[in-house]
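*Asks:* As given, the protein sequences belong to chains A and B, one line each in that order.
The first sequence begins at 32 in the numbering used here and counts up one residue at a time.
The second sequence begins at 32 in the numbering used here and counts up one residue at a time.
Worth flagging that the hints you see were computed from the coordinates, not collected in a lab.
Treat the hints with care, as some may be off.
The list makes no distinction among identical chains, and a pair is therefore deemed to hold if it is satisfied within one copy or across any two copies.
[Claimed, not checked] Derived EDC-like pairs (lysine to aspartate or glutamate); straight-line CA-CA distance at most 20 angstroms:
| no. | residue 1 | residue 2 |
| --- | --- | --- |
| 1 | K35 | D193 |
| 2 | K35 | D117 |
| 3 | K93 | E148 |
| 4 | K201 | E179 |
| 5 | K33 | E47 |
| 6 | K201 | E187 |
| 7 | K35 | D104 |
| 8 | K98 | E87 |
| 9 | K155 | E47 |
| 10 | K33 | D221 |
| 11 | K33 | D193 |
| 12 | K155 | D117 |
| 13 | K201 | E39 |
| 14 | K35 | E47 |
Here the structure is a predicted model, which is why all the values come from computation and not from measurement.
The chain contents come next:
Number of protein chains: 2
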Amino acid sequence: MKIKSALEFSHQLLSESIVAGDTVIDCTTGNGHDTLFLANLVGKNGTVYGFDIQAEAVNNTKALLKKNHVETDHIYLYNISHAKVDEVLPDETMISGAIFNLGYLPGGNKTIVTYPETTIAAIKGCLSHLCHNGVVIVVAYYGHPGGEREKNTVLEFGSQLDQKRYSVLKYSFLNQKHFPPILMAIQRID
Amino acid sequence: MKIKSALEFSHQLLSESIVAGDTVIDCTTGNGHDTLFLANLVGKNGTVYGFDIQAEAVNNTKALLKKNHVETDHIYLYNISHAKVDEVLPDETMISGAIFNLGYLPGGNKTIVTYPETTIAAIKGCLSHLCHNGVVIVVAYYGHPGGEREKNTVLEFGSQLDQKRYSVLKYSFLNQKHFPPILMAIQRID
Chain A
32 MKIKSALEFS HQLLSESIVA GDTVIDCTTG NGHDTLFLAN LVGKNGTVYG
82 FDIQAEAVNN TKALLKKNHV ETDHIYLYNI SHAKVDEVLP DETMISGAIF
132 NLGYLPGGNK TIVTYPETTI AAIKGCLSHL CHNGVVIVVA YYGHPGGERE
182 KNTVLEFGSQ LDQKRYSVLK YSFLNQKHFP PILMAIQRID
Chain B
32 MKIKSALEFS HQLLSESIVA GDTVIDCTTG NGHDTLFLAN LVGKNGTVYG
82 FDIQAEAVNN TKALLKKNHV ETDHIYLYNI SHAKVDEVLP DETMISGAIF
132 NLGYLPGGNK TIVTYPETTI AAIKGCLSHL CHNGVVIVVA YYGHPGGERE
182 KNTVLEFGSQ LDQKRYSVLK YSFLNQKHFP PILMAIQRID
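Isolated chain A, as found in the complex:
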């Protein structure tokens, strides 16, 4: 066994938390890998919401879903900021999982990145719809300009959450150079 990378561990936590029929959110669809992963977890009776500020990302996600023959009538992709997650989701909708991959679009324009303020707004939006035992997972790539500040803002936000309502895990590698991604997982426990 190899100890799982932050990305692999994010998938483990999602797999353990999400069951067929659930509603979930990919807050940074990127090239669509997590949207596809979530679509397979919730199945055709579940619902996936996906957000990305870049049209290229949304198009790449649609193409990946099509290539994998995934039915998309229950997958809603939005080319808007994930900060609007709470505006888009119906008030009564509860989610069992949400995933963020912070940084820039792999293979895309490296100057277009996620930002702390909108990321925190998006995390808050997800938390307001999170069901008992549901998880909001943030995988932060932070080697780019501003990435360190964003990572620290997210970790500080997690550190301040009420321990009676949320359990906040940090999963990180200590001895790797070149900014390996870190994972933060927020689980609702009340």
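Let chain A serve as the given structure and place chain B on it in line with the hints.
*Replies:* Then chain B, alone, in the frame of chain A:
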């Protein structure tokens, strides 16, 4: 699913790394729970070495093994410091796992604790016998006087390990008061 505590996650990593017939080490036998756990993983064809500076801990461990009807002819318990692990193990012996629970003996004398210098010596001893993909896991309880320094010394040691030889994971909870234990896992990757 509940996100695993540091203790539960240590057991997950050990379970994934150790198979029947392996040789493993409990560097702080305490009340014997991890020794028992390791004994069950390696089975009667495996070997468990256990260390504890307190005779009370070694006796508690023996009692727990007996209570659980574990054959003990392949379990070697030493009432000596874990700093001597490298002296005790035969040179050619390779281990697939080792576990440390740093702090004081639960239910015992709270003034008798593990110390950074001997802990680091013990970790080094384990690393010198660690096989490919083997793991050395440290669960640090650090709410007692000196505990914070010990935890930081251990994390600093892990941070300095060569990333070509070892992968060093930190697993910790960010929003809990009262010093929840943190986990550090060192996996040999070369």
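*Asks:* Looking back at the numbered hints, which does the structure fail to meet, lowest number first?
*Replies:* Of the numbered hints, 2, 3, 7, 9 do not hold.
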